[in-house]
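Asker: The residues making up each chain are set out below.
Number of protein chains: 2
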Amino acid sequence: MQEWSLQQKAAGRKLGLVPTMGYLHQGHLALVRAARRGCDVVVVSIFVNPLQFGAGEDLDQYPRNIEGDCRLLEEEKVDAVFAPSAGEMYPRGYGTFVEVQGTIVEKLCGRSRPGHFRGVTTVVSKLFHACCPDIAYFGQKDAQQAMIIEKMVKELNFPLRIERVPTVREADGLAMSSRNVYLTAEQRQRAVILNQSLGEAKERIKAGERDVLVIRSGIVKRIEECPGAEIDYVEVVNGYDLSDLEIISERVLIALAVRFGNTRLIDNVLVEV
Amino acid sequence: MQEWSLQQKAAGRKLGLVPTMGYLHQGHLALVRAARRGCDVVVVSIFVNPLQFGAGEDLDQYPRNIEGDCRLLEEEKVDAVFAPSAGEMYPRGYGTFVEVQGTIVEKLCGRSRPGHFRGVTTVVSKLFHACCPDIAYFGQKDAQQAMIIEKMVKELNFPLRIERVPTVREADGLAMSSRNVYLTAEQRQRAVILNQSLGEAKERIKAGERDVLVIRSGIVKRIEECPGAEIDYVEVVNGYDLSDLEIISERVLIALAVRFGNTRLIDNVLVEV
Numbered sequence: 001m002q003e004w005s006l007q008q009k010a011a012g013r014k015l016g017l018v019p020t021m022g023y024l025h026q027g028h029l030a031l032v033r034a035a036r037r038g039c040d041v042v043v044v045s046i047f048v049n050p051l052q053f054g055a056g057e058d059l060d061q062y063p064r065n066i067e068g069d070c071r072l073l074e075e076e077k078v079d080a081v082f083a084p085s086a087g088e089m090y091p092r093g094y095g096t097f098v099e100v101q102g103t104i105v106e107k108l109c110g111r112s113r114p115g116h117f118r119g120v121t122t123v124v125s126k127l128f129h130a131c132c133p134d135i136a137y138f139g140q141k142d143a144q145q146a147m148i149i150e151k152m153v154k155e156l157n158f159p160l161r162i163e164r165v166p167t168v169r170e171a172d173g174l175a176m177s178s179r180n181v182y183l184t185a186e187q188r189q190r191a192v193i194l195n196q197s198l199g200e201a202k203e204r205i206k207a208g209e210r211d212v213l214v215i216r217s218g219i220v221k222r223i224e225e226c227p228g229a230e231i232d233y234v235e236v237v238n239g240y241d242l243s244d245l246e247i248i249s250e251r252v253l254i255a256l257a258v259r260f261g262n263t264r265l266i267d268n269v270l271v272e273v
Numbered sequence: 001m002q003e004w005s006l007q008q009k010a011a012g013r014k015l016g017l018v019p020t021m022g023y024l025h026q027g028h029l030a031l032v033r034a035a036r037r038g039c040d041v042v043v044v045s046i047f048v049n050p051l052q053f054g055a056g057e058d059l060d061q062y063p064r065n066i067e068g069d070c071r072l073l074e075e076e077k078v079d080a081v082f083a084p085s086a087g088e089m090y091p092r093g094y095g096t097f098v099e100v101q102g103t104i105v106e107k108l109c110g111r112s113r114p115g116h117f118r119g120v121t122t123v124v125s126k127l128f129h130a131c132c133p134d135i136a137y138f139g140q141k142d143a144q145q146a147m148i149i150e151k152m153v154k155e156l157n158f159p160l161r162i163e164r165v166p167t168v169r170e171a172d173g174l175a176m177s178s179r180n181v182y183l184t185a186e187q188r189q190r191a192v193i194l195n196q197s198l199g200e201a202k203e204r205i206k207a208g209e210r211d212v213l214v215i216r217s218g219i220v221k222r223i224e225e226c227p228g229a230e231i232d233y234v235e236v237v238n239g240y241d242l243s244d245l246e247i248i249s250e251r252v253l254i255a256l257a258v259r260f261g262n263t264r265l266i267d268n269v270l271v272e273v
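Those sequence lines, one after another, are chains Y and R.
For the record, in the first sequence the residue sitting at position 109 is 109 according to the working numbering, with numbers rising by one throughout.
For the record, in the second sequence the residue sitting at position 139 is 139 according to the working numbering, with numbers rising by one throughout.
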């Protein structure tokens, strides 16, 4: 992979990387299309990274469809797919890790999934070195992940930049996710409450509400009314560094994680005031 | 720095990096000459990295002479010197770290200097990204450091390779070190015991001795006889991964750290059997 990437760079081509865990949907394809527009050659990596799954999480059940993924990527005229095995990425005796510390990794998903972002920053560092992109594309749906990777890129001086791509949604507003396939038909219908409650919160802020507790409790109430929905977190935080807020100002991130049965879904909205 | 490096790479030039903490001596210049022979352009970084110094260590007293260093590097026809400030490398709120874990960082200097190698791997990652070398040069005098960086490069898939350069010694055998300047005239004379005891150990192995305890206690005895020398560690370990040995075989690393007053010196020898 690296040899090919370095040849492309040596030929003066701008390289775009879209790191994914596969089972591709329209959200991934929006990243691929952004890369196709912005770069000369596009690499998509497909790797379900064991290091970012905790004990009892869904590593083993995580949906996979490498042949289907490759067909979609061929239609998008992707130049290369990088799909290493876990044994290639983490051979016996593996022991090097990249870790971002501080508030940015302790809040939201960092609280519910200890070690998750250390797994993400480690694998993304490896993918960056293997593929040598000029631009790497990440979805706004994983807002915290994108922020942490941006911090890592800046602080470790990676010679590349990150481009964030807006969340792609189903017709009823549910954010696209490979994990949506886990939902029963009933759960799938009910899951629209995530985007609905976020949209309502955004409207309230646009209408003048500035109290973080009011906004947060409005979302919590709406989700608690939804049968089968169990809140992991609902947070209204500074949209630059995830620090705590009391009064909404500048850029605010409203982010939530909600379980339906064993399926944990996340969504978020950035609001500028 | 990165812009210049990427321009060099885009022009098809092979880039060599020699990371240093400055106060350059013949050991550093041997690295620079290896880079000059092996690469089209040579970058030397000079940065006394606060992150690799522990509390109570010699960060504040560490000798500096940036003008003298630049004169030496000009004579060696180095193409660029990268000398960032601590504030540029670790701005307020800095929080990204690269860490190698396992035996390789727990033994030898890793035991005496907790956190030291995390500081080294973090700064070296930053320097690699800032300077984008094809080859980076490290001295065999810091054998454990070179091994840890080789492991990091391999495991994080950095697109470069490491070249180790043999230790350069004074006429009486003392390994060149910026810290030798701390020694009094008397300590300086006595410090030859490090290389002498290592040389004797190597001779005993070449003569057939294979018992790690015998080799180790021979070195310890010689150093303990030397007035003012206080042993930090003397270790005889596997030369590939620093794991423990009872019987010497294949490649063995004999490494030691000894204090003369407040000055801590290290030295080592690799023996193949």
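Be careful, since some hints might not be right.
[What the hints assert, rightly or not] Stretch by stretch, here's where chain R covers chain Y in the computed footprint (C-beta under 8 Å, at least three residues): (1) 96-110; (2) 126-140.
[As the list claims (entries may be wrong)] Distance condition first, Cα-Cα at most 30 Å in a straight line; then the derived DSS-like pairs of lysine-lysine: (3) K141(R) with K206(R); (4) K154(Y) with K14(R); (5) K154(R) with K221(R); (6) K141(R) with K14(R); (7) K206(Y) with K141(Y); (8) K77(R) with K14(R); (9) K221(Y) with K141(Y); (10) K221(R) with K9(R); (11) K221(R) with K202(R); (12) K77(R) with K206(R); (13) K202(R) with K14(Y); (14) K9(Y) with K154(R); (15) K77(Y) with K14(Y); (16) K14(Y) with K141(Y); (17) K221(R) with K77(Y); (18) K154(Y) with K221(R); (19) K221(Y) with K202(Y); (20) K206(R) with K14(Y); (21) K141(R) with K14(Y); (22) K9(R) with K9(Y); (23) K9(Y) with K14(R); (24) K154(R) with K14(R); (25) K206(R) with K154(Y); (26) K77(R) with K9(R); (27) K154(Y) with K221(Y); (28) K141(Y) with K77(Y); (29) K141(R) with K154(R); (30) K154(Y) with K141(Y); (31) K202(R) with K141(R); (32) K9(Y) with K77(Y); (33) K202(Y) with K14(Y); (34) K9(Y) with K206(Y); (35) K9(Y) with K141(R).
Note that these hints are calculated values from the structure, not bench results.
Virtual Cβ for every residue (Gly too), placed ideally from N, Cα, C.
Asker: Now look at each hint and say whether the structure bears it out.
Answerer: Hint by hint, here is what the structure shows:
1. Residues of the segment 96-110 of chain Y with a Cβ under 8 Å from some Cβ of chain R number 8, which satisfies the need for three, so the listed coverage holds.
2. Note: the segment 126-140 of chain Y has 4 residues with beta-carbon separation from chain R under 8 Å; the three-residue rule is met and the coverage holds.
3. Among the hinted pairs, K141(R) with K206(R) is consistent with the structure: their alpha-carbon atoms are about 21 Å apart, no more than 30 Å.
4. Restraint check: the Cα-Cα separation between K154(Y) and K14(R) comes to about 25 Å, which is no more than 30 Å; the hinted pair holds.
5. Of the pairs offered as hints, the one joining K154(R) and K221(R) is violated, with about 38 Å between alpha carbons and a cut-off of 30 Å exceeded.
6. Between K141(R) and K14(R), the direct Cα distance comes to roughly 25 Å. Compliance with the 30 Å bound is thereby established for this hinted pair.
7. A distance of roughly 21 Å separates the Cα atoms of K206(Y) and K141(Y); the hinted pair therefore holds under the 30 Å criterion.
8. A threshold of 30 Å between alpha carbons decides the hint, and for K77(R) with K14(R) the separation of about 15 Å falls inside it, so the pair holds.
9. A distance of roughly 22 Å separates the Cα atoms of K221(Y) and K141(Y); the hinted pair therefore holds under the 30 Å criterion.
10. As the CA atoms of K221(R) and K9(R) are separated by approximately 52 Å, the hinted pair breaks the 30 Å bound.
11. At most 30 Å may separate the alpha-carbon atoms for a hinted pair to count; K221(R) and K202(R) meet this at roughly 15 Å.
12. Pair hint K77(R) plus K206(R) does not hold up; C-alpha atoms about 40 Å apart against a cutoff of 30 Å.
13. As the CA atoms of K202(R) and K14(Y) are separated by approximately 52 Å, the hinted pair breaks the 30 Å bound.
14. Taking the CA atoms of K9(Y) and K154(R), the gap is near 21 Å; set against the 30 Å cutoff, the hint holds.
15. Restraint check: the Cα-Cα separation between K77(Y) and K14(Y) comes to about 15 Å, which is no more than 30 Å; the hinted pair holds.
16. Between K14(Y) and K141(Y), the direct Cα distance comes to roughly 25 Å. Compliance with the 30 Å bound is thereby established for this hinted pair.
17. Pair hint K221(R) plus K77(Y) does not hold up; C-alpha atoms about 69 Å apart against a cutoff of 30 Å.
18. Taken as a hint, the K154(Y) and K221(R) pair is broken in the structure, with Cα atoms around 50 Å apart against an allowance of 30 Å.
19. In summary, the hint linking K221(Y) to K202(Y) is supported, as the alpha carbons are separated by about 15 Å, within the 30 Å threshold.
20. For a cut-off of 30 Å, the pair hint linking K206(R) to K14(Y) is broken: about 55 Å separates their Cα positions.
21. A distance of roughly 40 Å separates the Cα atoms of K141(R) and K14(Y); the hinted pair therefore is violated under the 30 Å criterion.
22. Distance hint between K9(R) and K9(Y) is fulfilled; the C-alpha atoms sit about 9 Å from each other, no more than 30 Å.
23. About 14 Å separates the Cα atoms of K9(Y) and K14(R), which keeps this hinted pair within 30 Å; it holds.
24. A C-alpha spacing of about 20 Å is found between K154(R) and K14(R), which places the hinted pair at or below 30 Å, so the restraint holds.
25. This hinted pair does not check out: K206(R) and K154(Y) have alpha carbons roughly 50 Å apart, beyond 30 Å.
26. For a cut-off of 30 Å, the pair hint linking K77(R) to K9(R) stands: about 19 Å separates their Cα positions.
27. Our distance criterion of 30 Å between C-alpha atoms is broken by K154(Y) and K221(Y), whose separation comes to about 38 Å.
28. For the suggested pair K141(Y) and K77(Y), the alpha carbons sit about 24 Å apart, so the restraint of at most 30 Å is met.
29. The straight-line distance between the Cα atoms of K141(R) and K154(R) is roughly 21 Å, inside the 30 Å bound, and the hint therefore holds.
30. Using a Cα cut-off of 30 Å, the hinted pair K154(Y) and K141(Y) holds, with the two alpha carbons roughly 21 Å apart.
31. Restraint check: the Cα-Cα separation between K202(R) and K141(R) comes to about 16 Å, which is no more than 30 Å; the hinted pair holds.
32. Straight-line distance between C-alpha atoms of K9(Y) and K77(Y) comes to about 19 Å, which keeps the hinted pair within the 30 Å bound.
33. For the proposed pair K202(Y) and K14(Y), the alpha carbon gap of about 37 Å is over 30 Å, so the pair is violated.
34. Restraint check: the Cα-Cα separation between K9(Y) and K206(Y) comes to about 45 Å, which exceeds 30 Å; the hinted pair is violated.
35. The straight-line distance between the Cα atoms of K9(Y) and K141(R) is roughly 35 Å, outside the 30 Å bound, and the hint therefore fails.
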